[in-house]
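There are 2 protein chains.
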Amino acid sequence: MLYEISEKAIQLVNEGKKMIKFNMGDPDQPTPNEIVEAALEAMKQGKTKYASSVGEKGLREELASIHNVSAGNVMITAGSKWAIFSLMFLLLKKGGNVIIPTPHWTSYELIAKSFGAEMRFLRTDIDSGWKIDVEKLGNLIDQKTRLIVLNNPNNPTSKVIDEKVLEEIVQIANNKGVTILSDEVYSDISFVKTKSILDFDDKHVLVKSFSKTFAMTGWRIGYIIVEKELVEKMMKLNQITLTNVPVFIQIAALKALELRKEIVDKIREDYRRRADLACKILSKTKMKFSRPDAPFYVFPKYDNLDSESFALNLLDDGVAIAPGTTFGDYREYFRIALTVPDEEIELGLKKICEALP
Amino acid sequence: MLYEISEKAIQLVNEGKKMIKFNMGDPDQPTPNEIVEAALEAMKQGKTKYASSVGEKGLREELASIHNVSAGNVMITAGSKWAIFSLMFLLLKKGGNVIIPTPHWTSYELIAKSFGAEMRFLRTDIDSGWKIDVEKLGNLIDQKTRLIVLNNPNNPTSKVIDEKVLEEIVQIANNKGVTILSDEVYSDISFVKTKSILDFDDKHVLVKSFSKTFAMTGWRIGYIIVEKELVEKMMKLNQITLTNVPVFIQIAALKALELRKEIVDKIREDYRRRADLACKILSKTKMKFSRPDAPFYVFPKYDNLDSESFALNLLDDGVAIAPGTTFGDYREYFRIALTVPDEEIELGLKKICEALP
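Chains A and B supply the protein sequences, listed in that same order.
To convert, note that position 319 of the first sequence is 319 in this note's numbering; the numbers rise steadily by one, no gaps.
To convert, note that position 25 of the second sequence is 25 in this note's numbering; the numbers rise steadily by one, no gaps.
Just so you know, these hints were derived from the structure itself, not from any lab.
Backbone N, C-alpha and C define an ideal beta-carbon position, used for all residues, glycine too.
Each hint should be verified, as a subset may be incorrect.
Stated by the list, open to error - Below, a list of computed lysine to aspartate or glutamate pairs in the DMTMM-like style, where the Cα atoms sit at most 20 Å apart:
#1 A:Lys47 x B:Glu37
#2 A:Lys255 x A:Glu37
#3 B:Lys47 x A:Glu37
#4 A:Lys236 x B:Glu232
#5 A:Lys233 x A:Glu37
#6 A:Lys8 x B:Glu232
#7 A:Lys49 x B:Glu232
#8 B:Lys94 x A:Glu118
#9 B:Lys49 x A:Glu37
#10 B:Lys49 x A:Glu7
#11 B:Lys21 x B:Glu308
#12 A:Lys44 x B:Asp28
As the list claims (entries may be wrong) - Per the computed footprint, the stretches of chain A lying under chain B, defined by three or more beta-carbons under 8 Å from a beta-carbon of chain B, are:
#13 30-37
#14 43-57
#15 71-84
#16 211-222
Turn these sequences into a full structure, and let the hints steer you where they fit.
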């Protein structure tokens with residue numbers, strides 16, 4: 001349904017309609033100029049040849065030092081999604097199940113489905129502050145469980161998992177010998193302290209991206225930190241699929257890391273201001289919502305709403321949103337991405353309020 | 001084994017050893033400057049955001065016009081390898097078999113193996129001019145055959161499939177309702193007239209790349225021409241794996257197409273000269289070989305050679321080659337990629353001759 005909304009939104013824009021794009025997690029900020037310049041320089045130097053399927057040494061070493069692991073545990077991927085697909089493909093292609101707390105990013109489900117893996121969803125709710133029920137999680141695990149997927153901070157709720165809860169999840173996973181895949185693509189720009197899975201136990205898997213942190217969505221570069229045996233297997237999968245991430249893109253990413261303090265502070269502040277603005281407006285409405293712990297999303301609930309028809313009709317008012325059903329069984333909810341300028345946030349929320357039944 | 005050779009070659013080079021790299025199909029020519037400039041310009045214009053998973057409209061339309069198909073049949077992929085992986089994954093993940101003539105590019109086999117598809121190899125030999133035996137091919141097809149993979153021109157033999165043979169293959173595939181995947185990444189720079197699969201029947205699938213034609217290997221961009229229903233399915237696979245090929249790379253590829261006459265003529269002449277040079281030297285030796293119809297490879301045979309140990313030992317002499325076993329049951333053969341300057345071709349072949357048992 002999200003892709004249907006996106007396609008229709010693009011079509012309407014092509015026909016000349018103005019559209020407030022709350023539907024996509026694609027920052028409106030341009031990629032910082034220094035990063036672009038680093039890519040240009042690398043291209044001019046001829047960094048346009050086949051390269052290592054595991055990633056460039058310099059970039060892997062820098063990431064290893066940031067995460068306090070060995071470079072042999074770091075693999076550069078064509079976006080975090082490719083890291084997730086690769087890992088799930090390798091662990092689940094021969095069967096088994098994966099546990100996914102909901103609401104969840106659509107791709108986890110579609111990826112698992114693409115090779116027929118069994119999914120076990122664990123519902124969380126706004127009323128309990130989106131808290132994962134660790135006991136229920138434990139009950140879902142069986143001998144065929146290959147993976148637990150955590151998204152911290154979460155898309156669409158922007159909730160950061162409580163440290164104590166995370167510790168309990170790690171404990172239960174360790175006791176039962178199940179790997180956690182922790183997708184932390186929003187953590188660097190989180191508004192609150194966000195512990196990484198690696199802070200608890202380096203047996204688990206961390207997935208990160210340059211997309212959100214550095215406004216580099218279209219560059220397609222991310223990375224995974226995982227045990228060496230799986231790096232080896234993922235590298236072999238890369239050899240028969242993508243070969244390598246273009247080296248000039250890896251050099252741009254290395255430049256991003258150099259400048260990360262400054263870039264991250266700026267981006268985080270932009271989104272904190274926008275989140276405050278959205279919360280201020282939403283708090284004056286009948287919608288229920290939880291204050292975001294991180295960029296980019298707010299995930300409000302409106303009692304008895306059919307968010308699918310609501311989202312489709314809202315396109316005619318020039319606002320694109322993601323219906324809650326995109327993220328699981330959340331028909332009364334919808335997701336707003338604050339990846340548009342402040343004035344569009346105000347106008348878009350005003351239009352949403354007017355359109356609500 | 002090829003990857004082992006490549007890794008060891010890289011290691012020796014890092015230790016300061018000079019290496020003639022006959023092992024990689026990676027052109028020594030730089031990407032033409034106009035193509036690099038087009039990418040730079042696009043980056044500066046902010047073409048760094050998420051984009052369509054099927055590819056940019058302008059590039060698809062241009063390719064459609066070149067191949068005389070509809071833009072709806074064209075999908076842009078992150079290299080031709082990704083096109084091949086995607087198609088094979090979609091057609092074979094639930095079982096079935098694929099027919100692959102040998103010698104064959106390693107990736108076909110490794111891709112099919114990665115999701116457990118059955119492979120049926122059809123041997124061709126130097127003594128019959130690498131001709132595909134159409135009757136034998138027909139006998140390999142059964143109800144579970146999902147795909148026949150053709151590589152035209154072929155890697156490693158650089159042989160172009162005879163038009164009449166190709167016509168017979170298409171006929172037999174049509175009669176039995178089997179799809180042909182024709183990988184034609186070397187055809188634009190072929191030395192002889194090379195008919196495309198689409199010249200016979202547009203029900204079959206064409207895979208192409210910008211890598212070889214435009215010296216753009218590290219950019220990771222190719223395309224596939226296939227029926228719309230499969231474009232739709234491949235697009236959905238892209239949505240859960242790679243999202244999109246970076247738009248600035250697609251704009252660079254569009255520039256390459258604009259300049260293709262001029263670029264292709266130059267690259268083809270470079271390789272024709274190199275092929276002539278290599279053949280001249282080889283014809284004075286005891287090695288058996290067939291004259292290349294296309295870039296980049298020569299695939300000589302030396303009676304009773306164990307090409308694996310030969311290739312490993314040859315690294316110490318500063319020459320990297322690909323042993324014949326990389327491409328199937330061809331232990332007495334090895335592959336030389338003419339992707340090095342002329343003087344290195346002379347020196348490298350001299351060293352090979354000296355090292356032969």
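Subject >> Straight-line alpha-carbon gap Lys49 (chain B) to Glu7 (chain A), limit 20 Å >> reply: Holds: Lys49 (chain B) and Glu7 (chain A) sit about 16 Å apart, inside 20 Å.
Original post:
Do the alpha carbons of Lys49 (chain A) and Glu232 (chain B) lie within 20 Å of each other, as the hint requires?
Top reply: violated (30 Å)
Subject >> Hint consistency between Lys47 (chain A) and Glu37 (chain B) [alpha-carbon to alpha-carbon, up to 20 Å] >> reply: holds (14 Å)
**OP:** Would you check chain B against the region 30-37 of chain A, counting CB to CB pairs closer than 8 Å, and say if three or more residues qualify?
**Re:** The restraint on the region 30-37 of chain A holds, since 3 of its residues have a Cβ under 8 Å from chain B and three suffice.
**OP:** Sort out whether Glu37 (chain A) lies within 20 Å of Lys233 (chain A), counting only the CA atoms.
**Re:** violated (33 Å)
Original post:
Against chain B, does the region 211-222 of chain A show at least 3 residues with beta-carbon separation below 8 Å?
Top reply: holds (count 6)
Subject >> Pair hint outcome, Lys236 (chain A) versus Glu232 (chain B) [Cα-Cα no greater than 20 Å] >> reply: violated (27 Å)
**OP:** Given the hint that Lys49 (chain B) pairs with Glu37 (chain A), test it: the Cα-Cα distance must not exceed 20 Å.
**Re:** holds (17 Å)
Original post:
Would you say the region 71-84 of chain A counts as covered by chain B, given the rule of at least 3 residues with C-beta under 8 Å?
Top reply: That given contact holds, which follows from 4 residues of the region 71-84 of chain A lying within Cβ reach (below 8 Å) of chain B.
Original post:
For the pair supplied as a hint, Lys255 (chain A) and Glu37 (chain A), is the alpha-carbon distance within the 20 Å limit?
Top reply: Cα-Cα ~9 Å, so holds.
Original post:
Keeping to a limit of 20 Å between CA atoms, is the pair of Lys44 (chain A) and Asp28 (chain B) held or broken?
Top reply: holds (15 Å)
Subject >> 8 Å C-beta criterion, at least three residues: is the region 43-57 of chain A covered by chain B >> reply: It holds: at least three residues are needed, and the region 43-57 of chain A offers 8 whose Cβ sits within less than 8 Å of chain B.
The structure shown violates the earlier hints numbered 4, 5 and 7.
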